[in-house]
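Trainee: Produce the entire structure from the sequences given, and follow the hints as far as they go.
Protein chains: 2
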Amino acid sequence: MELTKRQAVILDIVKREGPITGEQIADRLSLTRATLRPDMAILTMSGLLEARPRVGYYHSGKNPSRILMDKLHSIKVGDVKSVPIVVTEKCSVYDAAVTMFIEDVGTLIVVREGGFLEGVLSRKDLLKITLGGHDIYKLPVGVIMTRMPNVVTVETEESVWSAAKKLITHEVDALPVVRVSDDNSGVEVVGRLSKTNITRLFVELGES
Amino acid sequence: MELTKRQAVILDIVKREGPITGEQIADRLSLTRATLRPDMAILTMSGLLEARPRVGYYHSGKNPSRILMDKLHSIKVGDVKSVPIVVTEKCSVYDAAVTMFIEDVGTLIVVREGGFLEGVLSRKDLLKITLGGHDIYKLPVGVIMTRMPNVVTVETEESVWSAAKKLITHEVDALPVVRVSDDNSGVEVVGRLSKTNITRLFVELGES
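Respectively, the protein sequence lines represent chains D and P. In this text, residue positions in the first sequence follow my numbering: the first is 88, and each later residue adds one. In this text, residue positions in the second sequence follow my numbering: the first is 88, and each later residue adds one.
Check the hints yourself; a few may be wrong.
As the list makes no split between identical chains, a pair holds if one copy fits it or if it spans any two.
In silico lysine-lysine, BS3-like type, Cα no more than 27 Å apart, as pairs [said to hold, decoys possible]:
(1) LYS158 <-> LYS253
(2) LYS92 <-> LYS163
(3) LYS252 <-> LYS158
(4) LYS215 <-> LYS177
(5) LYS102 <-> LYS177
(6) LYS215 <-> LYS252
(7) LYS158 <-> LYS215
(8) LYS177 <-> LYS211
(9) LYS102 <-> LYS158
(10) LYS215 <-> LYS92
Calculated directly from the structure, the hints in this document are not laboratory data.
Mentor: Here it is in structure tokens:
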């Protein structure tokens with residue numbers, strides 16, 4: 088939303104002097120209240136100013152980026168998540184790497200029978216181990232993966248914003264999307280959320 | 088921006104019947120034009136409706152998410168880029184992998200003297216080669232990197248949105264940020280823009 092010059096001046100007056108009445112604002116600008124009415128309506132409707140009877144107008148503290156914030160927080164992990172690519176902990180490092188290439192993902196999720204989360208394995212974990220001269224055909228991923236409860240997870244109903252914050256804070260490329268099973272016997276994997284999902288969402292939000 | 092019920096009704100009328108005059112809209116709602124004036128002002132100022140003399144009001148095709156779009160397109164690569172982590176093409180695959188771990192990045196940029204772009208090298212490229220049983224202490228990165236002119240790049244003045252679109256379209260994790268040198272002798276590397284930068288920006292945009 089673009090403010091006109093007059094609206095910007097009004098906003099500035101209210102920021103400095105608010106609470107201030109419509110009468111006083113009109114005085115400052117040597118205009119009538121009637122002339123200002125559409126401007127005041129726009130400024131209050133847009134949430135930039137708030138009005139209280141017998142007090143006057145005051146600055147809401149909100150700004151245009153508030154609209155953006157609200158939007159970003161309203162999108163859920165469930166709206167953007169991808170399918171999880173899983174292996175078991177007995178899978179060899181070599182087979183895990185092959186799976187990573189075939190599926191073209193940067194993170195594998197390690198599960199036990201029933202799809203319950205055991206750990207995660209990143210491209211970085213695999214590269215570290217292949218550099219180390221280990222027998223990658225025999226070494227199982229269970230030895231090198233990040234194991235529960237040290238895995239950072241996210242739930243379907245969480246906001247994508249919260250997931251993005253976890254990706255940055257914990258310095259990981261992807262999070263398993265999980266659901267705690269009804270009988271509390273484990274954490275069930277239902278998806279995967281990566282920096283790629285965030286980047287794709289960013290592109291979609293900016294598309295017309 | 089929240090519309091009032093009356094404004095939503097007006098928007099709906101103009102969407103269906105526009106171009107339509109203020110007189111006709113007032114008729115439909117059995118109200119005077121004067122009563123509608125603040126509403127019409129809000130709807131046109133916010134960019135939802137446009138008005139043309141002797142034609143009337145019509146729907147601009149913009150919607151509230153336009154505000155979000157404009158914001159996303161206004162942020163430049165230069166505002167969020169990171170420093171480039173570079174190696175030369177003679178660097179061994181092993182040394183490149185070590186650099187990647189020490190600097191904790193997923194993409195290395197390969198440059199020649201003067202900081203001119205020669206290629207890029209991803210964690211995926213390195214993992215593929217370490218799985219292949221090559222002599223990674225001797226093999227130079229020049230053999231396995233993606234070489235110019237096949238490298239997708241971005242410039243400082245480009246929008247982050249455009250960079251994000253390149254990341255998704257070309258399925259890469261990071262782009263070298265470049266500047267074409269004045270004498271056209273090469274493409275100078277001035278930064279790095281990755282999915283991590285996009286994710287971090289996403290977090291910042293949603294913060295109060």
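Trainee: Next, verify each hint and record whether it holds.
Mentor: Consistency of the hints with the structure:
1. LYS158 <-> LYS253: both (19 Å within a copy, 24 Å between copies)
2. LYS92 <-> LYS163: between (37 Å within a copy, 26 Å between copies)
3. LYS252 <-> LYS158: Both, since 16 Å and 20 Å are each at most 27 Å.
4. LYS215 <-> LYS177: both (19 Å within a copy, 22 Å between copies)
5. LYS102 <-> LYS177: Intra 63 Å, inter 60 Å, cutoff 27 Å: neither.
6. LYS215 <-> LYS252: within (26 Å within a copy, 30 Å between copies)
7. LYS158 <-> LYS215: neither (39 Å within a copy, 40 Å between copies)
8. LYS177 <-> LYS211: both (19 Å within a copy, 23 Å between copies)
9. LYS102 <-> LYS158: both (25 Å within a copy, 23 Å between copies)
10. LYS215 <-> LYS92: Answer is neither: 58 Å inside a copy and 58 Å across each miss the 27 Å cutoff.
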